[in-house]
Amino acid sequence: MNLLGQKWSLRILWELEAGQLGFLELRRRMDNCSSSMLAERLRQLQDARLIEKSPSRTYELAQAGVSLSAALEPLWQWSAEWAAAQSPTPLPPRPGSNSDS
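Using this note's numbering, the letters of the sequence shown correspond one by one to residues 1 to 101.
Quick caveat, the hints were computed from the structure, so don't treat them as lab data. This structure is a prediction, so every number in the text was calculated from the model and none was measured. Any given hint might turn out to be false.
To be verified - Pair ranges (Cβ atoms, derived): (1) G5 x E73: 13 to 21 Å; (2) R11 x Q63: 19 to 27 Å; (3) R29 x P55: 17 to 25 Å; (4) M37 x M1: 17 to 25 Å; (5) S54 x L3: 18 to 26 Å; (6) F23 x W82: 28 to 36 Å.
Unchecked claim - With a Cα cut of at most 20 Å, we get these calculated SDA-like pairs of lysine to any residue: (7) K7 x L75; (8) K53 x A83; (9) K53 x A64.
From the three backbone atoms N, C-alpha and C, an ideal C-beta is built for every residue, glycine too.
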């Protein structure tokens, strides 16, 4: 799926793993992503049925997005461990992660 290789796609899925978020909150969390790029990527992820937009205008993972997120968990874990080994400053925990594991 080419969409997953495009900038911001995985980050959006990562942020939504913790639960529903509105556009403005997503935009705040992704401060280097322009509003137009975020809107475009959200539409693409909706079209791919990885995320859903609720009537209250919040975004959340669709069933396929939840399944994909579970498949990506080892990659996210590896990246956090690798980044921690490269940096003396610990990274913040991933949204929705259990900090005890």
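Do the hints match the structure? See the list:
no.: 1; hint: G5 x E73: 13 to 21 Å; verdict: holds, 18 Å
no.: 2; hint: R11 x Q63: 19 to 27 Å; verdict: holds, 20 Å
no.: 3; hint: R29 x P55: 17 to 25 Å; verdict: holds, 22 Å
no.: 4; hint: M37 x M1: 17 to 25 Å; verdict: holds, 18 Å
no.: 5; hint: S54 x L3: 18 to 26 Å; verdict: holds, 21 Å
no.: 6; hint: F23 x W82: 28 to 36 Å; verdict: holds, 31 Å
no.: 7; hint: K7 x L75; verdict: holds, 16 Å
no.: 8; hint: K53 x A83; verdict: violated, 32 Å
no.: 9; hint: K53 x A64; verdict: holds, 14 Å
The structure does not agree with numbered hint 8 stated previously, though it agrees with all others.
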